[in-house]
Amino acid sequence: MSSNLLFLIIYTLLAIATAGGMLFASYLLGPRRNRELKDTPYECGMPILGTARERFSVKFYLTALAFLLFDIETVFLIPWAVVYKSLGVTGLVEAVIFILILAFGLYYIWERGALEWD
Amino acid sequence: MNGFDFASIMAISPEIALLLTAIAVITADICIGKAGRKCCTAGAACKPEETASSTEISSIVMPFICMTGIAISWYFMYNLWNLHAVNGAKYFSNAIVVDKFGLIAGFVVTVAAFLTALSSTGYAKRMKIDFGEYYGLIMLASAGMMFLIKGNNLIMLFLGIELTSLSVYALTAISKHREESTEAAMKYFILGAFSSAILLFGMAFMYGATGSIEFGQMNAVPTNRFLYFIGIGMMLLGLAFKIGAVPFHMWAPDAYQAAPSAISSFMAVGVKTASFAALLRLLFTSLIHTSHMWYQVPWMLAVLTVLLGNLTAISQTNIKRMLAYSSIAHTGYILIGVTACMGVGYSTGLTAPMSSILFYLAVYALMNIGAFAITMHLGREDKDFDEISGYAGLAHKKPLLALAMAIFMFSLAGIPPMGGFMAKFYIFRSAIQNGYIWLAIIGIIGSIISVYYYLRIVVLMYMKPAQTEEQFESDQSQWGLHFTLFATAAGLLILGLLPGDFVQYAIVAVKELL
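Quick note, the sequences are listed as chains F and Y, same order. Each residue of the first sequence is one higher than the last, beginning at 0 in numbering that gives the first Met the number 0. Each residue of the second sequence is one higher than the last, beginning at 0 in numbering that gives the first Met the number 0.
Take these hints with a grain of salt, some might be off.
Said to hold, decoys possible - Calculated lysine to any residue pairs in the SDA-like style (CA-CA distance at most 20 Å, straight line): (1) Y:K127 <-> F:G19; (2) F:K58 <-> Y:A172; (3) F:K58 <-> Y:K175; (4) F:K58 <-> Y:E132; (5) Y:K175 <-> F:K84; (6) Y:K175 <-> F:L64; (7) F:K84 <-> Y:K463; (8) Y:K175 <-> F:L61; (9) Y:K396 <-> Y:L492; (10) Y:K175 <-> F:F55; (11) Y:K396 <-> F:A18; (12) F:K58 <-> Y:K463; (13) F:K58 <-> Y:K396; (14) Y:K175 <-> F:V57; (15) F:K58 <-> Y:T181; (16) Y:K175 <-> F:G112.
Stated by the list, open to error - Listing some non-contacts, in silico: residues in chain Y with all C-beta distances to chain F over 12 Å: (17) D4; (18) I29; (19) V60; (20) K382; (21) P398.
No lab work stands behind these hints: they were computed from the structure. The beta-carbon is built from N, C-alpha and C at its ideal position, and this holds for glycine as well.
If we strip away everything but chain Y, and leave its shape as in the complex, we get:
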């Protein structure tokens, strides 16, 4: 289907909804926020109460436009899910593929965007980042992630990565008045631009070696092995940077620490989910037939990422930095799942690891967003609550908040009955089933190390006295964050106790891809 017909438009309708939302939210900012902004630039000649009311309205309206847009895009995704009994229909000269795998990954990404917008209701105003661009860039980044997930050739893959990354670089620097934010964004941007260039160069090599850029067409036996393996290596490097795998992880702690927490969690969850989905699609449509020759590369990446991520997280005193290293470690666990798929060829052996990766990504999204939402909830003025020692005594002052934090920490550590346990269980089980026993053992050692630094926070919250009396008083409207915390904690418990339904969906989705 090469034309501009109705079916093609429907195929990208969720993305169109997100892009139009981005435009709508910026327009809303221009129209509503106009009075307030004029006052700010004109300086003395403004009535403060007028400014306050207009920013008050826009800081409520803009997240709602975002959430409405995402809800509309969910509706379109639901339609596509039901529509496509025909699996893997391709549109726009085979550039876009619609399948259930992409829809599930896209759903995880948009849930992350939804929760980010929801938790930004009071938060963005307090952090002085409630511009239309903040919400617009979140929407653009999610649209980029959706294109990344749906892309069926290397060009779409690159375009999706660039749209996502450029938006996220700008979002990292969104607190313009904070120096470390600008610095981290600059680091992230320069390293990211390098990795994008290397990824693009690898794509050129792949095209040279296989004569195609389309997924599923590249699995001819390579005529020039040298070009082919250099291409695979460079593409893996580029994607490993995006998912934050060791040794390409150095940007992550700085960027996660300096960005506002809402953005850190969106970055960690959205970019990771989309990049892993694209990596899996690339791997299993195009590269799997040679994977017995190079599965050692992701094997090594997984081992390094699990061990270094967990060991470095121990010594952190800043919780956002600690969560950044923990997110690196979680990349490692997912890479164990990726490696478990390799070297077994096309078979039913692929279903278990791939569906477990999807499950892991969903669980990871919930627990990470939840943990970052706590730092947003307790923060004051334009800071996040990010000193680990500051959590001492939280349970005595705010028991519900401490309970939520404990749920997220237990889940991140992988302790039943939270979702994190089932996610790790599925991943390690699939690794063992496919013969990667040592990989599973290293993964389990990694999670045992991680128990220390996750539970340290729980110990602080429940068994230590508070440092000062009023440190947990917050000064913002919190209902958005309350809802986010409730949704993520409840989701983790549900996925931990009743994982069957989601796993069934994931298996259906993955079977379509194979």
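So that you can see chain F by itself, here it is in the shape it has in the complex:
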């Protein structure tokens, strides 16, 4: 066994012992006052308003989908911009086609009213 691995094992054991020791200490020493407030998800935060499984408007999904589309556009265009010069006219044409398709998508969701909130 190499000494590097030994150090790693000692380190792991120490980490487990420290974390476990802290948890155990708080279990031993901590006061126990059980109240209803203790069981809420955010003990020191906002009071809970209803359940998490509420229906919410489909408009959020539409906005998220449109966002995703243009997010991906950035993901594609940034690498393209980096190697823009070496790709030459071919790269430019391809990028323009790509942007035109996305622009059509924007026109489509716009006309269909997906960007209107009311």
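Given chain F's structure and the hints, the job is docking chain Y onto it.
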């Protein structure tokens, strides 16, 4: 050829035509349907006659844009067919291959899309699904199928499958007001996403084992057999899901029953043809040299699919569900053809089974579209005519329609002189020639079982009285469906009586692939 040159553009010109058609049809919907849609959302403040006229126009214009686009893509395919005396030219860093095999399979797929658009002329409006998205998604799905057929590496294969599947999931759910439609689409989507993931994982294993993702480059002797066979297994699983082979078929009956009939037939025909074409291309460019070690897998799949598909179809009372199980059974027959190619190595022994698979796919497309078109023709309001018992007495009220249905049923059952008989004949013959006699026998047993549930409908139509007087009156404009029914029935008779020409084309196409 790695560039962006004219030849590469021409190589994918049919697909470009389909994609531009998708964009055009959605634009047309936005421009024409605008007035109607605004009225619908604004509620009371609209003139009903204005709404009616604008949707009237768009429900005629949109299918015509689709059909024009497909006709243009046929023109490009015809050019490519004549252009490529050079077989199997590859483009885009070998990602796309143009050969006659791909062109024939692509033609079958686009014919299915064409007939779907044609039969949707009155149907989509009646089902309240005449949005631009309906036609746009059909076009996108066909473009995906074409890419799937033409793909020459695993990435293109996956992209094609995903473009096809995502469009088809959405099309299954297109009747937004019907609960079962949404439910079936959700099932289909979740199972389909799983199978896509498994397919992708299998591709990763294949890449690990062979060091390439390109078809034709993967047939080096695998250095790591474990990885290699896990890869083959997972890829087969993913594709078996797409073609609906038992035991990966559970999505099919629900999806086919809940989707509008036009979509059910497009789904059954298009996805199946494209996936089988991709499976064959993958098999015969990359996997055939090891197939003697794992041909038992498709053998078992074929047997299970034929028997379970046919036996379950017997007990169905809904004709769309029955056709779904029958489509599973037909997947089984085609898998018999696939298995017949295996274990014989590269030889002339491959030509017969592969060309017979192409022939089968073409015949299957016609008879399935025809049978689903009948359920569309007789349907009323936003329902398809899908109760089997409802067909009683059809021959006395609408003799021509009953005759067409009888032709489709006889063809599905494989009774001469319909195309279905020749298709089954070629498949079973090639299985026997290559030594899979038991497989052929099981296939024949399966088709004998199938005669029962297909002919039950013919018996109902011709020998039973109608339940009520007016049940066969339909309330839609029917000329698109009439044309579809005529074209499919005539095509089946022609392919059944004179199969030689198409088989010759198929043999030419397959010889290029080998």
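Quick rundown of the hints versus the structure:
1. Y:K127 <-> F:G19: 63 Å, violated
2. F:K58 <-> Y:A172: Distance of about 19 Å is within 20 Å: holds.
3. F:K58 <-> Y:K175: With Cα atoms ~17 Å apart, K58 (chain F) and K175 (chain Y) stay inside 20 Å; holds.
4. F:K58 <-> Y:E132: Holds, at roughly 19 Å.
5. Y:K175 <-> F:K84: 48 Å, violated
6. Y:K175 <-> F:L64: 19 Å, holds
7. F:K84 <-> Y:K463: Given pair K84 (chain F), K463 (chain Y) is violated - Cα atoms ~76 Å apart, limit 20 Å.
8. Y:K175 <-> F:L61: 16 Å, holds
9. Y:K396 <-> Y:L492: Between K396 (chain Y) and L492 (chain Y) the Cα gap is close to 24 Å, so the pair fails against 20 Å, i.e. violated.
10. Y:K175 <-> F:F55: 18 Å, holds
11. Y:K396 <-> F:A18: 82 Å, violated
12. F:K58 <-> Y:K463: Outside the cut-off at roughly 53 Å; violated.
13. F:K58 <-> Y:K396: 49 Å, violated
14. Y:K175 <-> F:V57: This hinted pair holds, its Cα atoms lying about 14 Å apart.
15. F:K58 <-> Y:T181: Holds, because 19 Å separates the two Cα atoms, which is no more than 20 Å.
16. Y:K175 <-> F:G112: Answer holds: K175 (chain Y) to G112 (chain F) is near 18 Å, not above 20 Å.
17. D4: 9 Å, violated
18. I29: 4 Å, violated
19. V60: 17 Å, holds
20. K382: 26 Å, holds
21. P398: 45 Å, holds
Consistency with the previously given hints fails for numbers 1, 5, 7, 9, 11, 12, 13, 17 and 18, ordered from lowest to highest.
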